[in-house]
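*Asks:* Below are the chains, spelled out letter by letter.
There are 2 protein chains.
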Amino acid sequence: MGKIFEVKSRDESSNARTAVLKTNHGAIQTPVFMPVGTRGSVKGLTPDQITETGSQIILANTYHMMLRPGADIVAELGGLHKLMAWDKPILTDSGGYQVFSLNTLNKINDNGVEFASHIDGKKYMLGPKDSIGIQNKLGADIIMAFDECTPFPCPEDRLKTAVEKSIRWAEQSLNAHDREEQLLFGIVQGGIDLDLRSRCAEELVSMDFPGYAIGGLSVGEGHKNMIRAVNHTAPLLPENKPRYLMGVGMPPDVIAAVKAGVDMFDCVLPTRNGRNAFAFTQSGAVRLRNSIHTKDKSPIEEGCDCYACRNFSRAAIRHFFNVGEMLGPTLVSIHNIRFFQRLIHSIREKIEEGNFSSWADEQIENYQKCGLCRDF
Amino acid sequence: MGKIFEVKSRDESSNARTAVLKTNHGAIQTPVFMPVGTRGSVKGLTPDQITETGSQIILANTYHMMLRPGADIVAELGGLHKLMAWDKPILTDSGGYQVFSLNTLNKINDNGVEFASHIDGKKYMLGPKDSIGIQNKLGADIIMAFDECTPFPCPEDRLKTAVEKSIRWAEQSLNAHDREEQLLFGIVQGGIDLDLRSRCAEELVSMDFPGYAIGGLSVGEGHKNMIRAVNHTAPLLPENKPRYLMGVGMPPDVIAAVKAGVDMFDCVLPTRNGRNAFAFTQSGAVRLRNSIHTKDKSPIEEGCDCYACRNFSRAAIRHFFNVGEMLGPTLVSIHNIRFFQRLIHSIREKIEEGNFSSWADEQIENYQKCGLCRDF
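As they're listed, the protein sequences go chains A and B.
Position 11, counted from 1, in the first sequence is what the working numbering calls -2; the numbers after and before it change by one each time, with no gaps.
Position 104, counted from 1, in the second sequence is what the working numbering calls 91; the numbers after and before it change by one each time, with no gaps.
Just so you know, the hints here were simulated from the structure itself, not pulled from any lab data.
What you are looking at is a predicted structure, and each value in this text was computed from that prediction instead of being measured.
Treat the hints loosely; a few may be bogus.
For identical chains, the list gives no copy identity; a pair is met inside one copy or between any two copies.
Restricting the straight-line Cα-Cα distance to at most 25 Å, the calculated cross-link-like pairs of lysine-lysine (BS3-like) are [said to hold, decoys possible]:
(1) Lys116 / Lys94
(2) Lys282 / Lys110
(3) Lys284 / Lys124
(4) Lys282 / Lys94
In isolation and in its complexed conformation, chain A is listed as follows:
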């Protein structure tokens, strides 16, 4: 399929770049933000509505899909694209994050993790071979190596063991993968320990994955720690391959990571917060249940071109939340995803115009001031 990742332009005063990433379901303009469709649906939106937000690619969770409806059923139905009615690119994670975070009853050994389903307690085994087998059946365009995610904070010993295990599992994932049209990304672990990040990156780079993720961040370490780890790790990854910062994040996290050379992001915040009436705007959070909006004729965000802002007042959306109508969560989720897509679109534009860095610093400062930021 020729060159899969082509850098289009580079920022002179940072590592930011724009590029095109080619997948089996079309090309993606990077930097890119992926909304999350945990169980095969971006909560509250139809695929048409997701497309209208300007989203190019969706993330779905291997862990959730393997439990219900199950990878074999998804395959029998024609794969994840068919099930989700989404014919653009899809990325699946490895399931690693969920088996470590959703399950207290898990046993880790060298082959993977034995865990009990959070739904019915049924026992499953998930390791590199299983995860890749399942992801091959789901059929996403980009799939992830199986890794061990560590919490924050994490004792040094455990972090080190997890990195070594993730390196072995990355190699096993690569060996288990047999569908060439799916791009398999390796995941660099190591928490906020820069030496471990270096060690992990070096090993994974030698395995020659078509793309690399930085995992194990956005787990409570805060903006500064996260960005320090990203600034250290991103340059260790090949210039000519996509870099994906998993599970990130708040707007200043995204902007700072792009400066470090990151190309891809995913986050549940736009939909999770949207369902709770929390809207993202450039001036900070708008909480739409607040009675201050009872008679507020203005849209969620002046100047926003999303379906919610073009058609509904804050007062109307507050009413829908107040009486429990599904339309409320749907509208704010649409706005929030569009907010992130407008942000990432501006990032691409600024990089291509050659004035990204100063703009990025202003933006980060603004979002920190207005509170749309993780703890420092």
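Given chain A, put chain B in place with the hints provided.
*Replies:* Structure of chain B alone, referenced to chain A:
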């Protein structure tokens, strides 16, 4: 505004007709089916999705809107059309049905009903003057006279008193109404007592409303009783004015009522059943939670042109219900509303082609066989 109701074609062997009903927000092709947007939202659908189902007009409930957000706030926000982001016709009911059915703590006197809100127990008074005042503020294109709805079965005395009260209240509603661009319909009551229906119709017709509704049916009396009352009442109402059968209904109810000369229908069944994974099809109900659909690649209904059927398998929709994704209720509600719009479109087509009656009888028989029918 000229002639508001113009009959286009008549069926030779029944009272069915097609017509155009002109409103302040555009013309409606009748017979017409109105989805219900109880609290200012057709549950689970955006206005764009409602439009895509072919719906021409939405019903909203005065009772619910007067409690939350309140008629004054709706007026201040620019009216119901603005709040709902729906610039096509809207009909509001009078609130009568809800104060009688949702409230046990109500006191009926000659001026209306004193009731306690089902939400917070706050006391309200709702009579003809109040209801019309509220409906004037909400600003729907078609509004309804305030009436007393009786349950089924209903003692003869109570039924008679309710009819006399509804006649007086109809006149008071007419006198209270002061926004010419809103069409005020009178409502014929009388349960399944044909003499009372005659008495009520005669009085209301003499008041010269621009349109008439048949109320107090679809409350447990069954298909045969309902259609007997409709067959008796519809011909008592003026030929040159629209006739609206409130709260109806199942497909055979709608078809039989069109035969009797009814032009307008509303019903919560498409959305209420849709949220419960119950899909309407020409072959009967499809219950999408059923495990029989786990691997079913077919759409909800073969040949249906709705968004759900064009894009999703039964297996995918079952999965969304199974894991609790909002997309399930949304997709089945879209299908069900489109099902009713396709039904009503076929009805209009058959009337205009001149072969409605025989088709109608076949259809009624089919729906009775496949179970999509009320009890007889």
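*Asks:* Next step is simple, just say for each hint if it's right about the structure.
*Replies:* Hint check results:
1. With identical chains, the CA atoms of Lys116 and Lys94 are at most 25 Å apart within one copy only, with a shortest distance of 17 Å there and 70 Å across copies.
2. In the homo-oligomer, the alpha carbons of Lys282 and Lys110 lie at most 25 Å apart only across protomers (23 Å), although the nearest pairing inside one protomer, at 52 Å, exceeds that limit.
3. Proximity of Lys284 to Lys124 under the C-alpha cut-off of 25 Å is restricted to the inter-copy arrangement: shortest distance 17 Å between copies versus 48 Å within a copy.
4. Taking the shortest Cα distances, Lys282 and Lys94 never come within 25 Å of each other, neither inside one copy (54 Å) nor across copies (32 Å).
Taken one by one, the earlier hints fail for this structure only at number 4.
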